[in-house]
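Q: The numbering of the sequence shown is my numbering, which starts it at 172 and goes up by one.
These aren't lab readings, by the way, just hints derived from the structure by calculation.
One thing to keep in mind: the hints can contain errors.
Label-pair distances were calculated between CB atoms; the ranges are [to be verified]:
no., residue 1, residue 2, range
1, Gly191, Val253, 33 to 41 angstroms
2, Lys310, Ser342, 36 to 44 angstroms
3, Leu417, Phe249, 17 to 25 angstroms
4, Val183, Pro403, 39 to 47 angstroms
5, Ser339, Leu179, 18 to 26 angstroms
6, Ala340, Ile258, 36 to 44 angstroms
Idealized CB from N, CA, C, for every residue including glycine.
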Amino acid sequence: FRAGLSFLIMLVVLGLGRRGWLRIDWRDLPFFALFGLVGVAIFYIIYAYAINLAGMAVAAVLLYTAPAWVVVLSWRLFAERVDGRKIVALLLTLTGCFLIVGAYDLAHVRLNLAGIVLSLASGLTYGLYIIFNKYALRKYSPWTVLVYAIGIGSVLLLFTQSPATLVSALSSPAQIGWLLAMAIVPTLGGNLLFVSGLRHLPAGVASIVATLEPVMAALLAFLVLGERLQPPQLLGGAMVIGAVLLIYRLR
Numbered sequence: 172f173r174a175g176l177s178f179l180i181m182l183v184v185l186g187l188g189r190r191g192w193l194r195i196d197w198r199d200l201p202f203f204a205l206f207g208l209v210g211v212a213i214f215y216i217i218y219a220y221a222i223n224l225a226g227m228a229v230a231a232v233l234l235y236t237a238p239a240w241v242v243v244l245s246w247r248l249f250a251e252r253v254d255g256r257k258i259v260a261l262l263l264t265l266t267g268c269f270l271i272v273g274a275y276d277l278a279h280v281r282l283n284l285a286g287i288v289l290s291l292a293s294g295l296t297y298g299l300y301i302i303f304n305k306y307a308l309r310k311y312s313p314w315t316v317l318v319y320a321i322g323i324g325s326v327l328l329l330f331t332q333s334p335a336t337l338v339s340a341l342s343s344p345a346q347i348g349w350l351l352a353m354a355i356v357p358t359l360g361g362n363l364l365f366v367s368g369l370r371h372l373p374a375g376v377a378s379i380v381a382t383l384e385p386v387m388a389a390l391l392a393f394l395v396l397g398e399r400l401q402p403p404q405l406l407g408g409a410m411v412i413g414a415v416l417l418i419y420r421l422r
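Please model the entire structure based on the sequences and the hints provided.
A: Put into structure tokens, the structure is as follows:
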């Protein structure tokens, strides 16, 4: 729902202020259809199933294999350089995310083949989301890229929801308010900031920097919700920050 709402918000904003950004070359429609299908719709679906089957800890850790996929794909597609520091940064981010989400606590780990496969697939599709963005940014603005990718993806996701689910999601002002907040801040705002940054960074570097997300989530949980962070989680956060500082020197 948040993807669909963010798409509608983008349509309104662009329709009122930047109509030119709604125009694309019709020959690029198949690309954006693939982008919306794989990078948005399939990613959302398989990540939800991965969490259900493998648990949040395993699904989150394997989701953050995405930078590894991006580094390999961007090396092949965009001729981005891969050196020792980038590999070390990848290992630091993966280990750091493992610690941040508490995957070291076996009580939070559910290992099964289907869950692991889907979690790895969510990492791949998240990586492809970044690759698709990087490719599209060669020709279009971040707003144009996102309005088509999220728009097509949200329409496809709509077919996976029943009418009863749609009615339930919009059943109260409080729920609508939360959905709007989710659509505006993390979905639209977060994606716009990331894709805007991606214009100026190699895809591999941007994907590693994006692993700061669980670090910020843990920090906000501590500051806002009063959740206590365990020493391994603090170590994991330090490892991710260290990886970002290391990769910053590769810009």
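Q: Quick one: are glycine 191 and valine 253 within 33 to 41 angstroms, going by C-beta?
A: 37 angstroms, holds
Q: Between alanine 340 and isoleucine 258, does the beta-carbon spacing fit 36 to 44 angstroms?
A: For isoleucine 258 against alanine 340, whose Cβ atoms are near 43 angstroms apart, the range 36 to 44 angstroms holds.
Q: Confirm or reject the claim that valine 183 and proline 403 have a C-beta distance inside 39 to 47 angstroms.
A: 45 angstroms, holds
Q: Please check whether leucine 417 and phenylalanine 249 have a Cβ separation lying inside 17 to 25 angstroms.
A: Holds: the Cβ-Cβ distance is about 21 angstroms, inside 17 to 25 angstroms.
Q: Holds or violated: the 18 to 26 angstroms window for the beta-carbon distance between serine 339 and leucine 179?
A: 19 angstroms, holds
Q: Falls inside 36 to 44 angstroms, the C-beta gap from lysine 310 to serine 342?
A: 41 angstroms, holds
Figure legend: structure checked against the earlier numbered hints; every hint is met.
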